[in-house]
Each structure stands twice: as structure tokens, then as C-alpha cells.
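Visitor: Chain by chain, the residues run as shown.
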Amino acid sequence: MTLSVDVRHHQGDFLLDASFDSGGRLTALFGPSGSGKTSLVNIIGGLIRPQQGRVTADGRVLVDTAARTFVPMHKRRIGYVFQDARLFPHLTVRQNLAYGRFFTPAAERYADFSDVVDLLGIGHLLDRRPASLSGGEKQRVAIGRALIASPKLILMDEPLASLDEARKAEIMPYLEKLRDESRIPIVYVSHSVAEVARLATDVVVLDHGKVVASGATGDIFSRFELLPEEERGEVGALIELALVGHEESFGLTVLRSAGGEWRLPSIDAPAGTVLRVRVRARDVMLALERPVGISALNTLSVTVVDISANAGPEALVSLDSGGDRLVSRVTRRSVELLGLAPGRKVFAVVKAVTFDKANIGGSHYQHRSI
Amino acid sequence: MQWLDLSPDEWNAVRLSIKVSTWAMVVSLPFGIAVAYTLARKEFWGKTLINGLVHLPLIMPPVVTGYLLLLTFGRRAPVGSFLAETFGIVFSFRWTGAALACGVMAFPLMVRAIRLSIETVDRRLESAAGTLGANRAWVFVTITLPLILPGIIAGMILAFAKAMGEFGATITFVSNIPGETQTLPSAIYTYTQVPGGDAGAIRLTLISIAISMLALLASEILARRISSRFEPE
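Residue numbers (UniProt numbering), protein chains in the order written: chain W, 1 to 370; chain D, 1 to 233.
Honestly, the hints are just simulated from the structure, not real lab data.
Every residue gets a Cβ at the ideal spot worked out from N, C-alpha and C, and that includes glycine.
Heads up, some of the hints might be wrong.
[Claimed, not checked] Partner residues aside, some chain W positions facing chain D, computed with beta carbon under 7 Å: (1) G45; (2) Y80; (3) R86; (4) H90; (5) Y99; (6) A149.
[Unchecked claim] Here's a subset of chain D near chain W, in silico, CB distances under 7 Å, partners left out: (7) R124; (8) L125; (9) A128; (10) G130; (11) T131; (12) L132; (13) A134; (14) N135; (15) P146.
All chains, full assembly: derive it from the sequences and hints.
Guide: Right, here's the structure in full:
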């Protein structure tokens, strides 16, 4: 599945002028509020008719203003999960779920009702009405409703934004399963670095209606300048760790990357599981010699690849750790005192407690290396 | 309770009123929904004019409405003669004319109630249905219509009650013929015009009140049933 978008659309003073191509399993449209993310998914979904441009999905033209083509939304077969669920209040959960199926040609119904219900864990809700569901349950039903219509593409507009942390944590694993086990590509709108870093395979960064950058998630999120000011603390690297075993007595989990061994707070998964972990740049310390007598549990031998700094007090140091890329955020003063330069071998030190659940995602398939 | 026994003519008036009001309500319903939907959702040139025309029977003297109906649907009037010759439908001095007069008088009330409920429908639900593959007709039938059902019931009951009480336009258009066009209000009016008619007038008045109360009660129960489905159990 390749999605190709190239549109211009005025809304009042706001100009959306965006173009990108993506073939990812889960492409995130990422940017601050007001950057045009929602307008862009609404154009893809057919809720907005762009003034100018072209949208194609797998070669099928959805919009082409030059050729006066506009496929209405009910003929696009694009599922849409809205931020506010939008379940039909007069129908039961079962009827909500089955709604889209009715309109899908029989030959194109690939989604199995009970499979989707199992995937999302909503079997016990089927006879209830939307008004009696919690926010997290509503959102799961909304995802199920979009899936059961057997769409060719699913759009999700900040599906977790209206939920508290506990509910987010409840839904995340379902989104990961959906990304890894279904064959439906997903376009996911979010302004949260943690969400996008955990879920997305590809990221399109939007700002003021323009595409600032697009590419693989790991590449985008290790680039400081691409993140909005208030999210720069979230810059980090995504690496894959294979679970080796558990240290039950300490409540720790031992994992292995290409660059060495890691100890993280307990992760509930069996040995052999590949996890995608985000290591924030601000959590990575650098040392010239292997530190001894230090509380931090993770020390890796790394090589400096690149140092980027501007007029501010900080610098972002890119590191190579056995083929994985790590980033460290240090002061320019430290760069100078330590004599850091590309090619220099140093040690990266990461405290185990800096990892929280939001930064650790499951991965059920082999990523391309990032 | 001897005094509550109705004469055959009085029974006729009761039956006729219910028949006329039911027909007025049922036949105007599809038009009412269509007009309410158009006024609530569409922007077009002349919308204010249409809106004014719909509301006209509400603000004009009923006698004027009745007279205009007579001028339009009378035996020799253009529309009336056409309908009579082509479809065999005759309105003047028939119960059908009474139903037409009641329907026209009740129409603005019905449209207002339905229009208000259409305006409160969350249109985002309709676009959600659109993304699931429903075209506009399906969206209307499966989403909009069920959501505005309470408004439709309210509009129907209002129209029915208004039709039960309609007097001026009816008597002007189709006169006051016992057994054919003499509805409850006309019958009550007739009683008040003859000496010693008080007992009859009171009997019919009580029946009129009872029918209106029953209709209101039925609509309350229905509306509560429907809206309870939207609430948490």
C-alpha cells in the first residue's frame, strides 16, 4: 500500500500545502495542534474536498482536482477512527460494529467479526449501548467498527488524546497488534512524541500546514530540530532489544541489543520477544572511561558519529552502538571538556529507571533497521 | 352518568374528528420531514420565503387560510377541479377537505418540532456513517431518522392535537355538515348556538379534553422509551 498526497487547501487564514508519500504500515502525521494534521486526514478520508491537488492510494485516484475527480467518502473504503469515537448512540455495540459491514461488497469482506472482537477484547460489551461504555471501551469499539467494514486503509485522528494515561496504556497494545497482525495500513494523527515513537513505522512532520520532514520514525525522532520546542526533551533513539530473561529478585528484565546488554524495569514478556524501546537523548550520559562505582545499570561502549550544536548551551551527540544509533544530549561545555569528536570511542550510561512503560513497545514483526 | 350518553350525531362528530386528525397527521408527515430537513440543512435562494410560507397558517387568521383553501381547492377552483377530474379527489364539503384544512393548519407546528430535532443531531455521527460506506440516503434512514424520532413523535402529536382543535379554517372551507364535515369543535360550536345545548357542549368538551390528554400521554411514553435507549443503563 502506498499513499500519495499532494494538496493545497485554504481554510480562512490557514493554508495547508502538503505533499508526502508513504508506504509504511503505520504512518504518523505528527505536529503541534493547528499544524493541519486533522485537515490532512479529512482530505484523505473524503470529509474535506481540497481546493487543489491529488490523493492516490495504491494507484487508485481518490481526489484529482485537475481531472475533476472526487470519490465520495462512502465509496472510498477508508476506515476512520475519530478522536471522540462517534459511536451511534441508538445502536448497541454489536450493531455499531456490524454497521459498515452491511455496505461492503460481499467479495471484499475480509475482516472477520469475531476475530476483530477478540483482537480488541470487546466480546463482553456486545449487547451494551455506547452511553454505558468507558472512554477506553468506546475507542476500542470505534476501532473495531472501522476494521469490520474491511477498509483498505485506516485513518486515526488522535484516538488516544481524550483518554487518561491508564486508558492509553490499555489501548496501546491493541494498536500495536493491529499494526503488526493486520494487513491494513494505518495513518495515525498525533502530537505526542511518546505515542508516535512507540507506534509509527514512518513519520510525516507537519508544521503550519507544511510538511517539514518525513521518513522512518527512528531517523525523524533523533533529529532535534524536527521536534516542536516543547517536545525537544523527548528527542531520542529507537532501538530494538531482544528479551534475554528476568532478574526476579530485583524486578528487572535483561535485554540484549547489538551494542550490549541492558537492564530495564520489569517487562511482562517471555524471553525472545523483540521490544522497541525509546532511549531519550537527555537520559544518556557520556563518559570517557567505563565508569565504576556508579548506580546506573546500563553502560555501553559507543563511537561518536556526529555532533550538532547551535548557539544554545546544548549539543546533540549521535552515537553508534554496534550498528544501533543512540543520541545523547549534553552541554557544549561537556563536549569541549571531554574533547568529543566524531570517531572517538566513549561510554554511554543510561539509568534503568529512566524507562517508563510509555517508552517500551511490543514488536511482533521484524523492523527494518533504524 | 346518563348525561354522558352520546347521541348518534355526537358519536359521528367524535369519530370524524379522530379520522380527520389522523389523516391530517399521517399524510402531512412525509412532507413535514422533507420540509424540516430542507430548512434545517440546506442553504438556497428563497429559503426565507419558503420558511415564511410554511409558517403562514400559524400567524394568519384561520378564516383566511380556510378561504384561501376554498379559492384553491374548491369545486370550481383551478387545483380543485383538476384534482377532481384527474384523480377523482374532491375536497370541498367533504371530510377530506376537513383533513386538508387541519393538515395545513397543523403543518407549521409539525415542521418546527422536527426541524428543531434535526438541528440538534450531531452531524459528525453522519460523517462517521459516511466513512463506513453509507451513502446519504442510508445515512438518513439509519442514523438521522432514528435520532430525530423523538422530535418526529412530538411533531405528530402536536399536529394531531392542533387538528383536533382546528375550527376556523375547517368551517370556512368545508362548512359544518353533520356526519360529513362536522368535527368536534364544529359540533360544540353548534351546541352553543342553540338554547339548551349546554349539556351536549360539555359532553363533547370533556371528550375533547380526554382525547388530547391521551395523545399527550402516549407521546410522553413513546418519547421516554426512545430516549432511554440513548442513556446509560
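Visitor: What are the numbers of the hints the structure violates, in ascending order?
Guide: Violated hints: none at all, because every hint is consistent with the structure.
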